[in-house]
Structures are given as structure tokens and as C-alpha cells.
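Q: Each chain, letter by letter, is given below.
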Amino acid sequence: MTYTFGLDTFGDRNSDANGSPLTHADTIRNVVEEGVFAEQSGVNFFGIGEHHTDYFPMPAGDVALAAIAARTERIRLGSAVTVLSSDDPVRVFQRYSTLNAISGGRAEVILGRGSSIESFPLFGYDLADYEELFEEKATLFAELLKGGPVTWEGKTRPPLFGQDIVPHTEGGPFPAWIGVGGNPQSVIRAARLGFSLALAIIGGPPARFAAYSQLFQRALERFGRPPLPVLVHSPGHVATTDDQAKAEFWPRWRDIIALVAPERGFAIPTRESFDRETGPDGALYVGSPETVAQKIAANLTALGASRFDLKYGLPGMTHDQLMANIGLYGHQVVPRVRELLT
Amino acid sequence: MREPTTLAVLGAGHVGPVIARLAIKAGYQVAIATSGDPAGIELITELVIPGAQPRWATDAVADADTVVLAIPLHRFSDLDPNLLSGKLVVDAMNYWPASDGVVKAFEENGSSEIVARRLAGSTTVKALNHIGYHELEDRARRAGAQDRRAAGVAADDPAATEAIAGMISQLGYDPVRLETLRAGRVLQPGGPVFGVSLTLAEFERAVRDEARSLT
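Keeping their order, the protein sequence lines are chains B and F.
Position one of the first sequence corresponds to residue 1 (my numbering), numbered consecutively onward.
Position one of the second sequence corresponds to residue 1001 (my numbering), numbered consecutively onward.
Just so you know, the hints here were simulated from the structure itself, not pulled from any lab data.
Hints may contain errors.
DEER-style ranges, computed between Cβ atoms [stated by the list, open to error]:
hint: 1; chain 1: F; residue 1: D1157; chain 2: B; residue 2: T301; range: 41 to 51 angstroms
hint: 2; chain 1: F; residue 1: R1142; chain 2: B; residue 2: Q94; range: 51 to 61 angstroms
hint: 3; chain 1: F; residue 1: R1205; chain 2: B; residue 2: E153; range: 49 to 59 angstroms
hint: 4; chain 1: F; residue 1: A1201; chain 2: B; residue 2: R264; range: 24 to 34 angstroms
hint: 5; chain 1: F; residue 1: R1118; chain 2: B; residue 2: M323; range: 34 to 44 angstroms
hint: 6; chain 1: F; residue 1: T1058; chain 2: B; residue 2: P59; range: 19 to 29 angstroms
hint: 7; chain 1: B; residue 1: L341; chain 2: F; residue 2: A1026; range: 30 to 40 angstroms
hint: 8; chain 1: B; residue 1: T342; chain 2: F; residue 2: R1142; range: 34 to 44 angstroms
hint: 9; chain 1: F; residue 1: R1118; chain 2: B; residue 2: G279; range: 37 to 47 angstroms
hint: 10; chain 1: B; residue 1: T270; chain 2: F; residue 2: A1026; range: 25 to 35 angstroms
By construction, the Cβ of each residue, glycine as well, lies at the ideal position given by its N, Cα and C atoms.
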């Protein structure tokens, strides 16, 4: 199996060394530097997740990806995720096919139904419709990816009759994934529509997702499709030692989860739950390069996945901490995982 | 009312399969159904909920003594109350506007009371709603285990409370009985035990005062 390794950010708002928050603009400029440095460190993919909050000021990640594209040559660039339910599939396709043109064919997109939901009220969508919105829009997006004139009719956007959508992509469709957080019916949908599967694992033992990976491949067979890759997206932080990584990550993790818990239904982390999640059976990849590499290798194997994307950084961390994380991930973690997997 | 032996789990999203797996492990007979053709969840059942039977909702409910509602709350109004008539119904749903949007019929407080009113021919018990689906299985422990956690059970019918308390214990949690469905509001989103993993003593302490004020 060919393995690839990515880094994802939500544009987590940086702080300076004294703990004062940087501006949104500084944070976005830092993300561009981080994307460029990810390529220099040997990372294969850089993803930006759509968010609309003061602590994740990153609603237009595709613009930042275009800036990174202009300064890089090899690294693949994509969303992680695009909240498709509250966007127009035609616009999403146009933005990412434009990115694909700028980057010389390096664009990807991961589509999400809406785990972060602040975009729904912002753009006038009803959260109660999120399933219907995503089903329709993902179906249309699959049509758009094929290229050529599109005819489509539904309830969530105006119909299209033999419509040519530009810009056309070179060399066929760009890679497109559906992000899934634990709903098996979403796994079936990805297979039915022919998207690759992105498993977002942010709590609990990752191995329990092995059944989802099998479900995906079996469903692809049933729908008469060839096998498609599975990726794992999980949060984490790499520093020189386990203790340093935990010391840098834990207070920021506690703060951000406490902040989003009322809306997302997360339990507020305790030091005990954090230590469990950063242990071998947890979902957080926090530690030294060796610790994190061992965990990635074990879970890629257990889950039958060929790509791992580390969601690095948290609101309140410094740009220097993130750059150190990126350097260690690219130069030490990724080569070590490759070694462990051969 | 006897303890459940045969379950119909309605809903195959995030929550339904997790409850179904726990129940199968505890030795219950489990059928799982969505609003549609069971063929649509055959693969899911085989790989994610081995041991469960995918069935049409009508058939699953007809053969069950207990029905677990694990569907999105805004779909509840599509469910025919006659289907559930005479059954013990576990309401594992939540009204959570911040996460799922506003549902007009549930704007009044007490989502399980609203469910119970609509399901007048059934006996409604509020349970299994306040532990996250991603934690429900990992936290389950046998009775007597030192790190066993607690889970709330609320109903207006004491025999129904007792029956589901027995089931909760089989599934892996120390049941905490609340005196009425109204008192079960303490288990809702925003309440002191929602999304928090607590031992029996911690749970009882957290709900005692608030539940009493609702009784």
C-alpha cells in the first residue's frame, strides 16, 4: 500500500509568546507560512477546514490554499472539510477547480455534512435540514466532478440544464472525499456516490472504526465500484518529548473543548480523560515523534487506511510551536511511520 | 412489567447501532429498523452491528417488548403512534436546538414529556440520551466494576422505570431512578449530567437537588 501523510488546520487563532491573541489577519498569514513549510518538511497534503468563529477565523480556506499553491510545487492542497450543506456545490467545485488550475493539479476536497454548524444560521440554512441538504448537494457534486454539461434538479438550489461549469479540470476529476464522524449511513453514502472515505476520529479508541472501513469497501463492491482509499483525520501535537507536547497541548485542548462543548455535546476533558486519549488506545496524537509515529502506524494498519492527516495546532498556541510541530512531523514522524509500515 | 428481552431499535445513525451492540452483548434479541427498506441497512447490520436483525419498523416493533427511539427528533412527528401502542418505549432522543436546529413541537420544556403525550398508548421512559454515542460503549462496565458509571432512568410508571433500570444495568451502567418523566428533564442537554461521565455517587449528587425541584 502507498501511504501519504497530511496536516490539517482550522486556522486556529495563534497567540504570541505572552499568551495574547494575534489578529485574524496575522493568523491567516501564519497558516500560509505553515503550508509552505509543510511542503519543505516533506508532508504530502495540507488541508484547511472551514470555520466561521473568532477562534477559527477561516471561512475562505481556498483563498489561503491558493496562496500556498503559488509558493509550492509538490504538496497536495485541499479542504478539511468544506461544509457542503451550507454552500453551493457549483461554487465549491468552481473554487477548487480554480485551485486545481493554479496548483497544477494538486487540489482535493473533503466534503462534510456539518459537525461544526456555525455556517448554517450565517447563510440562512435550517439545521433540521442538514441531512437533506447534504444528500442532495453531495449527489450534485459527484455529477460536477465528472466534467461535461450537467443536468440536475433538486430542492436545495436552482436546476441545471446541460450547464457547462467552468473552469474545466485538466486530467479528470480531482480527489474528493466525504468526511464521516461515526454515522454508518454516511459511510454507505460515500460509497454509493463514489467518494473516498475520510474518518474523523476525535475521541475514543480508533480501532472501533475498523468496521466502518470494511463497511466502506463492501459497500463499494455492492455498488459495483472499484476500491477507494480511506483516510484518518485526528488531532494532535508533536514536540521533542512526550512531556513537552502534552504541556503545550493540554491547556489549549481543555479550553477549546470547554468552549465548544455546549454546542457540540462533548464532555469537558479532565486530565484523566486527556491522558487516556493520548495513550495507545485514544484518539489524540500528542507526544514525541516516536510516540506519535507508533500510534499512526498501528492505527493505519488497524483501520485499513492509506492516509493519515494530523489536525495540528489549537487556538492559543504560538506560530513557533506549530512550526516546530510541522518540522518534526515531516522530518521525523512521517519517515518513521513509513519505516514501521514496511 | 417485566424486564425487556426483545428490543426494536429505531434509527441506524450515530446512536442506534451503539445501543444495539451493547444490547446484543448483554444477551438481548435485537432488531434494528429505519424509516425505509431493511435492505438499505443490511450491510451496516452485518459489519457494524453483528447479531442484530435488520427489519421493517412495523415488524421489528411487533415482535419486541421494548422499543428504543434513536431517530433525529425532528423526524419523530413522522412516526405513527399506533405502531408503538402497548410497548415500553425508551426515548434516547434529545431536543438540542444549538446542535440540531429548532423543532417547534419541542420548544416547550421536557422533550420526553412531549414524546409521551404523543405516544399515549405506550409507556415512555427517558434513558440513554445523556451519554455521548462515542462514549456509551467504551464506558460500559459489568456490575461491581470499580470504574462503572451511572445512567439516569425517568418515567411516570414506577414498574417501567424498574424494568428499564434493570436493562441499563445489563448494558453496563448503574441506573439512577428518577421519580417522574418531568424529573428526567435533569438528563437533558444543558443539564448537570449531559455529556458528563459520572460514578453513581457523583451522578446522584449532581441530579438530587435539580431533580427534586422538578418533581
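Q: All hints are to be evaluated individually against the structure, with a verdict given for each.
A: Taking the hints in turn, this is what the structure says about them:
1. F/D1157 with B/T301: 41 to 51 angstroms: holds (50 angstroms)
2. F/R1142 with B/Q94: 51 to 61 angstroms: holds (56 angstroms)
3. F/R1205 with B/E153: 49 to 59 angstroms: holds (57 angstroms)
4. F/A1201 with B/R264: 24 to 34 angstroms: Check passed, 28 angstroms falls within 24 to 34 angstroms.
5. F/R1118 with B/M323: 34 to 44 angstroms: Since the Cβ atoms of F/R1118 and B/M323 sit about 56 angstroms apart, the hinted range of 34 to 44 angstroms is violated.
6. F/T1058 with B/P59: 19 to 29 angstroms: With Cβ atoms ~45 angstroms apart, the hint is violated.
7. B/L341 with F/A1026: 30 to 40 angstroms: holds (38 angstroms)
8. B/T342 with F/R1142: 34 to 44 angstroms: Holds, since B/T342 and F/R1142 (Cβ atoms, about 41 angstroms apart) stay within the stated range.
9. F/R1118 with B/G279: 37 to 47 angstroms: holds (45 angstroms)
10. B/T270 with F/A1026: 25 to 35 angstroms: Holds - the Cβ-Cβ distance for B/T270 and F/A1026, about 28 angstroms, lies within 25 to 35 angstroms.
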